[in-house]
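Peer 1: As a plain string of letters, each chain reads:
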Amino acid sequence: MKSTLGRGAAAGLGAAILALTAACSSGGGFGGSSSTSGSGGSDSGPLNVLIGSSGAAETSAVQAAAAAFAKQSGIKVNVVAAQNLQQQVSQGFAAGQPADVFYLDTSSFQNYAKTGALYAYADKASDPGDFYPTLKQSFSYDGKFYCVPKDWSTLGLAINTADWSAAGLTPADVPTNWDQLEAVAKKLTTGGRVGLTIASDHAGIDEFIYQNGGSLLSADKKTASFDSPQNVAALNYVKKLLSDGVLKFPSALNAGWNGEAFGKNAAAMTIVGNWIDGAMKSDYPNVKYQVYPLPAGPSGTKATLSFTNCWGIPAKSSHKDAAVKLVDFLASGTQQMAFAKAFGVMPSRESVKDQWTAAFPADAAFLAGAAYAQPDLALAGGTQTISDYDSKLAQLATADPAALLSAEQKNFQAVIQQNQ
Amino acid sequence: MTTATGTPAAARAAKRPAPRRPRGGIRGHEAAAGWLFTAPVLVLLALFLVLPILMAAWVSVSDWTGQGNPFSGGAHFVGAKNFSSLLTRDGLARQDLMTSLRNNFYYVLLVVPLQTALALFLAIVLNRRRLAGRGFFRTAYYFPSVTSSVAISIVFLFMFSGGGVVNALISSAGGTGPNWFADPDGLIHILLDKLGVHSAPAALANHGLLGQSWWDWLAGPSVAMTALIVLAVWTTSGTFMLMFLAALQNIPAEVEEAALIDGASAWQRTRLVVLPMLRPTLFLVLTLGLIGTWQVFDQVYIISQGNPAKTTLTPAYLSYTTSFNDQQWGQGAAIAFILFAIIVALTALQRFVLRERKADAG
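Sequence order for the protein chains is H and Y. Counting with this note's numbering, you get residues 1 to 420 for the letters of the first sequence. Counting with this note's numbering, you get residues 1 to 362 for the letters of the second sequence.
None of these hints come from the bench; they were simulated from the model. Heads up, a few of these hints could be off.
[What the hints assert, rightly or not] Here are the simulated distance ranges between beta carbons: (1) Y/Ile190 with H/Ala364: 47 to 57 angstroms; (2) Y/Gly174 with H/Lys288: 51 to 61 angstroms; (3) Y/Arg351 with H/Gly245: 36 to 46 angstroms; (4) H/Ala162 with Y/Ile302: 32 to 42 angstroms; (5) H/Gly245 with Y/Gly175: 14 to 24 angstroms; (6) H/Gln87 with Y/Thr176: 55 to 65 angstroms; (7) Y/Gly174 with H/Ala162: 49 to 59 angstroms; (8) H/Gln420 with Y/Val50: 33 to 43 angstroms.
[Said to hold, decoys possible] Derived BS3-like pairs (lysine-lysine); straight-line CA-CA distance at most 30 angstroms: (9) Y/Lys81 with H/Lys114; (10) H/Lys288 with H/Lys144; (11) Y/Lys194 with H/Lys239; (12) H/Lys325 with H/Lys71; (13) Y/Lys194 with H/Lys316; (14) Y/Lys194 with H/Lys221; (15) H/Lys222 with Y/Lys81; (16) H/Lys281 with H/Lys221; (17) H/Lys240 with Y/Lys194; (18) H/Lys186 with H/Lys221; (19) H/Lys136 with H/Lys76; (20) H/Lys136 with H/Lys186; (21) H/Lys316 with H/Lys114; (22) H/Lys288 with H/Lys136; (23) H/Lys187 with H/Lys136; (24) H/Lys281 with H/Lys264; (25) H/Lys239 with H/Lys410; (26) H/Lys325 with H/Lys136; (27) H/Lys264 with H/Lys136; (28) Y/Lys81 with H/Lys410; (29) H/Lys264 with H/Lys288.
Quick reminder that beta carbons are idealized off the backbone N, C-alpha and C, glycines included.
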């Protein structure tokens, strides 16, 4: 009795293993055949989409959009929210089975484009000229526009309105240049509160460099100009604010990031992207604030930074055409407006600019930066170099800006040479 | 000292050639059967241990870009290029590696002795026969070791934040606590600053080794790293305490009674009787501690990501970021092998220092 049972179980197990291997091999075979006949338009997926979600709102919005697309096109879509996007994308590529569509940040984009891992499809998307030029620049490698920008953010100056009026300031006092920024920051610094806080890395400080007419990397990423006199002057300005005590980095205010310091009212102003809206709504709903465009540099140069993600499609995907169709759907103006309403992002298409401004009048200052936004720092093989730059910027208060920038010039120049 | 001489004697006995048995007959297929029975384990070892190590070794000398199988044509042999850019070429890669080695060196230097001493102390205290609530204390001290390191790291993140519990304690004692995880100042630098050395002496600042000035090498662990050191000591002492406790309970009561009759004081009994008998366990604890501390990753990943100013960057974390964030898989694997070499060398050194000297054995 016992032995028959055992034999039966073994047979069952064997059958299960057989079935499993059969399923695997047939899956592979199917994938292989569809890649050869992919251009026929009969590809029905399924498409695996890997997203780095900011929360439940974003995940369900993308899932809803994917479901709408599946209904319209008959192509199945699985949306997976990654725990650690960068790592999971890497693992997918290493295993030879990357997700068919995934979020890709500007810095990783450079790395993957360099190794030829990405499918350069952006020019096949509908109306590629509609995307903002700064975003197209962020996702171009060697002059080729690779992937479609998903949405984007720029930096603006968020001001705590209660602090503002308590210091006797009026809307006419909103700073439009560096001297005014310094003056109001001084006025707003009282007791335990500082006037201004910014992120202590390149994403919080580089805008001053651009406002001063400086630059970091050329558009083709072939030259670095970190140690220019304009850049040194810009960092000297930030350093002066720090040593005057009117600007503090979030860690000095016991905050994890500048939005938290601003929400806790440890700082009256902060330079921050439009992600501040969601954070304030959920964590500090009672704090009233207003966002203005960033002040211009001494020569009147306006500049802000742009941060963006694109919809990456791997070169090795067996469902490339279906994936492009999905991205086209997700990056359409209407869909981007739906995303904007669900989780507060800025659409990457200029054609819905007015529609967005009408829907979110309080955030108009962020989109006003579109005309003069500079892409966030990114360089193939440069992630470590950028993080070195970040860690030095965090020590700016005690550093020598000229020495800091010339050390980084050397580091970035080395990476550029390696890339050539 | 019976245990001290016991091990070599047993080893000598084992070395004596075993009597040969005739092949064939009833034991003829023993070898085949042996292989058959060990096959599952051998396959598992090969698949999950040998193959990954060989793969990593190959990646460390290749230009693999992280796409597809590294054995399948996409990767090319580049010789020692990855190692040379980490060790001999002046650049950010070497600077980062040396910074991480310095950080980790200070981490090991403090964690290993502290955790060993604390574990031994706790074990000796708990081993006393007339201690009330022994079971409770044993559980309490062991608790951090069985708690998830992620949970503990996050609790420490709150405790050591600028306005956290630790600083509240310090300020209630009249001091002002540092902003722990944001403070990159080295302890030795802070100490020198207190002694009146406010900036690097030219002799230290202008000369250096492997891209770092001597002043930087001698910074000591940063304040942020000190918090990680406290965390490591606190979490691992429990495990090692258990090992010491097991060893202590193996020491026959007669030995201690004999020492007592000979008129040895409590301190003499501990130092001259108990400690020598704990030598094998001490070796185990030190070795495990050394290996574990050189590989520290999870606390760094969760708490500091190498910040502030790279003073909590460790080779293991650097290897991870180089591979996954920068897609420089060859260099990341090379860092892992350099770390491996350091651990092997230090363990060998420790084995040599703790070896049983002939005079003792005789």
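Peer 1: Now tell me, hint by hint, if it's right for this structure.
Peer 2: Outcome of the hint check:
no.	hint	verdict
1	Y/Ile190 with H/Ala364: 47 to 57 angstroms	holds (48 angstroms)
2	Y/Gly174 with H/Lys288: 51 to 61 angstroms	violated (39 angstroms)
3	Y/Arg351 with H/Gly245: 36 to 46 angstroms	violated (55 angstroms)
4	H/Ala162 with Y/Ile302: 32 to 42 angstroms	holds (36 angstroms)
5	H/Gly245 with Y/Gly175: 14 to 24 angstroms	holds (22 angstroms)
6	H/Gln87 with Y/Thr176: 55 to 65 angstroms	violated (39 angstroms)
7	Y/Gly174 with H/Ala162: 49 to 59 angstroms	violated (35 angstroms)
8	H/Gln420 with Y/Val50: 33 to 43 angstroms	holds (39 angstroms)
9	Y/Lys81 with H/Lys114	holds (19 angstroms)
10	H/Lys288 with H/Lys144	violated (43 angstroms)
11	Y/Lys194 with H/Lys239	holds (26 angstroms)
12	H/Lys325 with H/Lys71	holds (13 angstroms)
13	Y/Lys194 with H/Lys316	violated (60 angstroms)
14	Y/Lys194 with H/Lys221	violated (46 angstroms)
15	H/Lys222 with Y/Lys81	holds (23 angstroms)
16	H/Lys281 with H/Lys221	violated (38 angstroms)
17	H/Lys240 with Y/Lys194	holds (27 angstroms)
18	H/Lys186 with H/Lys221	violated (38 angstroms)
19	H/Lys136 with H/Lys76	holds (29 angstroms)
20	H/Lys136 with H/Lys186	violated (38 angstroms)
21	H/Lys316 with H/Lys114	holds (15 angstroms)
22	H/Lys288 with H/Lys136	violated (35 angstroms)
23	H/Lys187 with H/Lys136	violated (40 angstroms)
24	H/Lys281 with H/Lys264	holds (13 angstroms)
25	H/Lys239 with H/Lys410	holds (22 angstroms)
26	H/Lys325 with H/Lys136	holds (19 angstroms)
27	H/Lys264 with H/Lys136	violated (36 angstroms)
28	Y/Lys81 with H/Lys410	holds (20 angstroms)
29	H/Lys264 with H/Lys288	holds (12 angstroms)
Violated hints, in rising order: 2, 3, 6, 7, 10, 13, 14, 16, 18, 20, 22, 23, 27; the structure is consistent with all others.
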